[in-house]
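S.K.: So the sequence lines, in the order shown, correspond to chains L, Z and Y. Taking the working numbering, the leading residue of the first sequence gets 1, the next gets one more, and so forth. Taking the working numbering, the leading residue of the second sequence gets 1, the next gets one more, and so forth. Taking the working numbering, the leading residue of the third sequence gets 1, the next gets one more, and so forth.
It should be emphasised that the hints constitute simulated quantities derived from the structure, not laboratory data. Please note that the accuracy of each hint is not assured.
Below, computed lysine to aspartate or glutamate pairings styled on DMTMM-like, alpha-carbon distance capped at 20 Å [as the list claims (entries may be wrong)]:
(1) K280(Z) to D233(L)
(2) K503(Z) to E268(L)
(3) K94(L) to E83(L)
(4) K231(Y) to E328(Z)
(5) K238(L) to E214(L)
(6) K104(Z) to D163(Z)
(7) K353(Z) to D26(Y)
(8) K272(Z) to D225(L)
(9) K74(Z) to E213(Z)
(10) K12(Y) to D296(Z)
(11) K268(Z) to E246(L)
(12) K503(Z) to E173(Z)
(13) K97(Y) to E60(Y)
(14) K23(Z) to D269(Y)
(15) K280(Z) to E239(L)
(16) K279(Z) to D233(L)
(17) K288(Y) to D34(Z)
(18) K55(Z) to D228(Z)
(19) K23(Z) to D233(Y)
(20) K272(Z) to D218(L)
(21) K279(Z) to E239(L)
(22) K435(Z) to D225(L)
(23) K86(L) to E194(L)
(24) K413(Z) to D225(L)
(25) K457(Z) to D122(L)
(26) K451(Z) to E185(Y)
(27) K268(Z) to E244(Z)
(28) K34(Y) to D40(Z)
(29) K280(Z) to E246(L)
(30) K272(Z) to E239(L)
(31) K231(Y) to E295(Z)
(32) K97(Y) to D134(Y)
Where chain Y lies over chain Z, by a calculated footprint (3+ residues, C-beta under 8 Å) [unchecked claim]:
(33) 25 to 37
(34) 288 to 298
What the simulated footprint calls covered on chain Z by chain L, stretch by stretch (three residues with Cβ under 8 Å from a Cβ of chain L suffice, anywhere in the stretch; the number is not a length) [unchecked claim]:
(35) 258 to 268
(36) 465 to 477
(37) 485 to 493
Just so you know, these numbers come straight off a predicted model, no measurement behind them. Don't be surprised by glycine CBs; every beta carbon is placed ideally from N, CA and C.
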Amino acid sequence: MADRINVLKTYKTYVGGKFPRTESGRHYKVYGKDEEVIANACQCSRKDFRDAVVAARGAQNGWNSRSAYNRGQILYRIAEMLEGRKTQFVEELKPLGIHHRTAQKEVETTIDTLIYYAGWADKYQQVFGSINPVASNHFNFSIPEPTGVVSAFAPEESPLLGLVSVITPIIVGGNSCIILASQRYPLPAISFAEVLHSSDVPGGVVNILTGFKEELVDHMTSHMDVNAFFFTDPKVNKEYRKQIDENAALNVKRIVHHPVNDWSQHQEDPYLVTKFQEIKTTWHPVGF
Amino acid sequence: MADKEQTTDLQEKPFKPSSPSSKLDLNGFWEYADAPQSADFIELADQYELFIDGKFTKPASGNYFDTINPATEKPIAKIAEADEKDINKAVKAARKAYENTWSKISARERGKYIFRLARLIQERAREFAIIESMDGGKPIRESRDVDIPLAAAHFFYYAGWADKLNYAFPNKEVESLGVAGQIIPWNFPLLMLAWKIAPALATGNTVVLKPAETTSLTALKFAELCRDAGLPDGVVNIVTGAGETGAAIVNHDGIDKIAFTGSTEVGKIIMKSLAGSEKKYTLELGGKGPNIIFEDAPVDQAVEGIINAIFFNQGHVCCAGSRLLVQEGIANRVIQKLRDRMETLIVGDPLDKNTDIGAINSKQQFEKINEYLEIGVNEGADIHQSSCSIPENGYFCRPTLFTNVGQSNRIVKEEIFGPVLTIQTFRTAEEGIEKANNTPYGLAGGVWTDKGSKIFKTGQKIRSGVVWSNTYNQFDPTSPFGGYKESGMGREGGLHGLEPYVKLK
Amino acid sequence: MSATTSTYDWNKTIPIDQVGVEQRVDRLNSRSIKKDSKIQALKLALSMIDLTTLEGMDTEGKVIQLCQKALRPHIEQPDLPKVAAICVYPNMVSVAKKELQGSGINVASVATAFPSGMATRKIKIEETRQVVADGADEVDMVISRGAFLKGEYEYVFDEISAVKEACGSAHLKVILETGELQTYENVRKASDIAMHAGADFIKTSTGKISPAATQPVTLVMLEAIRDYFYKTDRMVGMKPAGGIRKAKQAIQYLVLVKETLGAAWLTPDYFRFGASSLTNDLLMQIIKQQSGVYQGPDYFSKD
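Just chain L, with the same shape it has in the complex (with noise of 0.2 Å):
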């Protein structure tokens, strides 16, 4: 007989850099290998992911204004933090069924991917910017900037590398995200927050909710004051990528479709950095 009896975590969302729970109310059973409930987890709503917009808008242009430096450095602190509960991740992988290495692996993969990034802050701008030799007595240069508000979904296998390898191209180049976790075991994600959290970035910069995908694939997509949408499920139904494609068009939305098939492989790519930028281009005279 246990000493004690364990304190078990309840698992909210993470927005605007607080952990509430579902306005909804709802809850939906996470369950282990077994096939055995091992926690409840939010199912989001309409209104979650509204309020969540409200956070990242918010904070965007913040994050933004922060020095490349700055934004790589917290970067690079989220890796540090992840480093410290290194041991606990491993755990809460593995009720689903992943073997300790295997687990171990994807949590140190998940760091070095967000010191990859890290890295990137402050050069992606160099190696895809550009001074432009125009023929008219004017400087001239691109830079890109970030496209703005992106909602994103985790994709279901790897919780936490892939989770963490959609959110950090997207953080990275000083955008705000919405990102709803894997649908199946959502938990890391949550975790994950508590990284975020403990790391310096600012509240409302990345946004975690849970829930269903197809409850809230319309309104991920359709949402007026979301800039980009951005996904990485490897196979994808024509209806249902046709449903997204016409909800972008309400305002233009960048719809950014990255497929990835095997995230215990090194996905990292600053090509995909520049999914979410917008180059802008620059023209003063030159004269005395």
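Take the given structure of chain L and dock chains Z and Y to it, following the hints.
M.R.: For chains Z and Y alone, coordinates are given in the frame of chain L:
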């Protein structure tokens, strides 16, 4: 208006301002005589066919429509109307050319063809300029000095990229897409064609391009150049027609990529049509460009910049600076100068070398602009138009200012696409920037201040793809152009203009 | 010393964008002036000439010849307009005055230690008084560029005011020598100082240094005149000088004036060309317009 009786009378005249609001007599006794561009050497056929697979081909339907000179309202020629069958034929030709020739020849040789096109445009520049002005209504000064030279420069720029694509995309392998379907607007017909075709060919794609129905002629003349350049058959196909023809391109399964320039409204329809398809697409859509004038701006140059921003090409410019935001301390001065400057704008015959503002491109657009003028007045805004005379026939619109307007006015919110400027004031930089960004559009904006740090701060805060600081409406093939938000996606021009036409691996 | 005092903070600079000015000039130069409007412009330009000889080698004979040319630019065409003025060195004023008596052509004299301006104020004032006493209708003074560039704007202002006072009823043209002023902002500032100090005309150059008049500089000065007019209702004249040799250039300048200040300035009262060889090119173009035949220089008297 000036008294035509007066000729070389040099005696001092009584003070005679041009308009009640002006202190200057800007239309005084010395008036410029007509300076028509001679168009005698222009050879136009009565009827133009589709250009498919290197041949001029009659449309399957046998239907033709008139292209009208908007300055005279008279038809110039008959233009073939392409339907689905024709598009199908054009796409097949483009596919065949892509697979059999264009993707087989070396990148270097591909580049040389594009260089040839650039040179051929330069050689026939005057002819193109005149046709552009006849068909579209733009002043010859602009088609001669802006549209055609820039179109040639665009081909020249991208020609050189053809065999250097690996340098554009570090660490990636670059592949072409296949067949590009391209739909261009009527405001810069040949230039928009160049913006579309040059990068597509340089990256190894073949194209099916549809010019706007009111301005097909220079695209068809360009088809002749493709033949003269010996471009392999089917690499460039020009199909003419209106919206339905465009829809047939958008919906064609054999096309790998759609590039569209036009209104946000149509852009959204295209996005919907493409929903669920694998086609890559880029859109260059509408705008409602803010032009922010700070108190410390070089005022006289700013006034010139405002004029350029809104009256260039009759205001038929997606990136037009149609919303003037002036800091309140200099608002009156700027408006006074602006009104005076407007008095010197010459509205009239597009083929006259002195014309500043030509004809509105079409009856439809003319009616739309007039409707907005009415809306503006009904919304309670104060209207001011220059006192210039305008021709009796043809579609002409006086340069127009609206003051006493707010963010909620339709004339402030909606793209008019005509020579109509709204003027608002602001007190603090933050307020100016907020007003500038308070729009679903994000194509271009202007900032005027002599203070370097303010330029950068403001430019950074404006959410648009182009920021013109202490200048406006400058274009260059090396310089990427395109919108944020509902003004589109993807860039045209420069290094960034290659990406829409390639697959990276 | 001048009774007028400047109430202006001359240290304040009005920003001017070089590229913008030059683009505006390019655009104005694209005006195509043909047919009647060309003849009108050519004659107008002729009437605006300050026919100038400012050489150490000038002789009374040369000045007299120049006066003859001023009176009858082209003997075969007596109906052509006369030039506006003769512009000479101080010691030639009385010669020119005698020659042009009653002709309606003004005599202008350079003064204030032209072209360098490197003399004491006392001498400058005396020289001004002298040329006016000798009959000069107009005085073309030079500003002290050294003082201006050192930032001694009040000094420059006071000097112009003093010379203006010494001019009495004679018109004062103030030469800024823009080729030495480095920037358009300085041209603008010098223009403003001169106008506020009482200049009737502002003038680009002495013609002794290069660059002399340029169209962008002229545009900047015309815009200064416009702002001054908006503010004070006083019309100040403009005189580009030096380097204007061709009719085509002259017409381009007239376009600048027309589209910046309007018709009220398109008279010799408010616009002048400081030039000598321009006259014959204008004549050649006028005859060409009338006859349809391109002209040769040998058919036009040099002075």
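S.K.: State for each hint whether it applies.
M.R.: Status of each hint after checking the structure:
Note on K280(Z) and D233(L): the hinted pairing holds, with a Cα-Cα distance of about 18 Å set against a maximum of 20 Å. Distance restraint check for K503(Z) and E268(L): the Cα-Cα separation of roughly 18 Å lies within the 20 Å cut-off, and the hinted pair is therefore satisfied. With a C-alpha separation of about 17 Å, the suggested pairing of K94(L) with E83(L) holds against the 20 Å cut-off. Distance check on the hinted pair: K231(Y) and E328(Z) sit about 18 Å apart at the alpha-carbon level, within 20 Å; holds.
With a CA separation close to 15 Å, the supplied pair K238(L) and E214(L) stays within the 20 Å bound. In summary, the hint linking K104(Z) to D163(Z) is supported, as the alpha carbons are separated by about 13 Å, within the 20 Å threshold. Pair hint K353(Z) plus D26(Y) holds up; C-alpha atoms about 14 Å apart against a cutoff of 20 Å. For the given pair, K272(Z) sits about 19 Å from D225(L) by alpha-carbon distance, which is consistent with the 20 Å threshold.
Distance restraint check for K74(Z) and E213(Z): the Cα-Cα separation of roughly 15 Å lies within the 20 Å cut-off, and the hinted pair is therefore satisfied. Annotation: proposed proximity of K12(Y) to D296(Z) holds, straight-line Cα distance about 11 Å (limit 20 Å). Restraint check for K268(Z) and E246(L): satisfied, since their Cα atoms lie roughly 9 Å apart, inside the 20 Å limit. Restraint check: the Cα-Cα separation between K503(Z) and E173(Z) comes to about 8 Å, which is no more than 20 Å; the hinted pair holds.
Restraint check for K97(Y) and E60(Y): the C-alpha separation of about 12 Å stays at or below 20 Å, so the hint holds. For the hint linking K23(Z) to D269(Y), the alpha-carbon distance of about 18 Å falls within 20 Å, and the restraint holds. With a C-alpha separation of about 17 Å, the suggested pair K280(Z) and E239(L) falls inside the 20 Å cut-off, and the hint holds. Pair hint K279(Z) plus D233(L) holds up; C-alpha atoms about 18 Å apart against a cutoff of 20 Å.
Among the hinted pairs, K288(Y) with D34(Z) is consistent with the structure: their alpha-carbon atoms are about 19 Å apart, no more than 20 Å. Simply put, K55(Z) and D228(Z) have alpha-carbon atoms about 12 Å apart, close enough for the 20 Å limit, and the pair holds. Distance hint between K23(Z) and D233(Y) is fulfilled; the C-alpha atoms sit about 9 Å from each other, no more than 20 Å. Note on K272(Z) and D218(L): the hinted pairing holds, with a Cα-Cα distance of about 15 Å set against a maximum of 20 Å.
Between K279(Z) and E239(L), the direct Cα distance comes to roughly 15 Å. Compliance with the 20 Å bound is thereby established for this hinted pair. A C-alpha spacing of about 17 Å is found between K435(Z) and D225(L), which places the hinted pair at or below 20 Å, so the restraint holds. At roughly 13 Å between alpha-carbon atoms, K86(L) and E194(L) fall within 20 Å of each other, so this suggested pair holds. A C-alpha spacing of about 17 Å is found between K413(Z) and D225(L), which places the hinted pair at or below 20 Å, so the restraint holds.
Distance check on the hinted pair: K457(Z) and D122(L) sit about 19 Å apart at the alpha-carbon level, within 20 Å; holds. Proximity of K451(Z) to E185(Y) is assessed by CA-CA distance (about 14 Å); at most 20 Å being required, the pair is judged to hold. Taking the CA atoms of K268(Z) and E244(Z), the gap is about 16 Å. The hint holds against a cut of 20 Å. For the hint linking K34(Y) to D40(Z), the alpha-carbon distance of about 19 Å falls within 20 Å, and the restraint holds.
Between the alpha carbons of K280(Z) and E246(L) the distance comes to roughly 15 Å, so the proposed pair stays at or under 20 Å and holds. Between K272(Z) and E239(L) the alpha-carbon distance is near 13 Å, which keeps this suggested pair within the 20 Å criterion. The suggested pairing of K231(Y) with E295(Z) holds, with an alpha-carbon distance near 18 Å, which does not exceed 20 Å. Using a Cα cut-off of 20 Å, the hinted pair K97(Y) and D134(Y) holds, with the two alpha carbons roughly 8 Å apart.
With a threshold of 8 Å between beta carbons, the proposed coverage of the segment 25 to 37 of chain Z by chain Y holds, since 11 of its residues qualify and at least three are required. Closer than 8 Å: that is the beta-carbon criterion, and the segment 288 to 298 of chain Z has 3 residues meeting it against chain Y, so the requirement of 3 holds. Given a C-beta distance limit of less than 8 Å, the hint that chain L covers the segment 258 to 268 of chain Z holds, as 3 residues qualify and 3 suffice. Check on the segment 465 to 477 of chain Z: 9 of its residues sit with their Cβ under 8 Å from a Cβ of chain L, so the three-residue criterion for coverage holds.
Check result for the segment 485 to 493 of chain Z against chain L: holds, 6 residues qualifying (beta carbon to beta carbon below 8 Å, three or more required).
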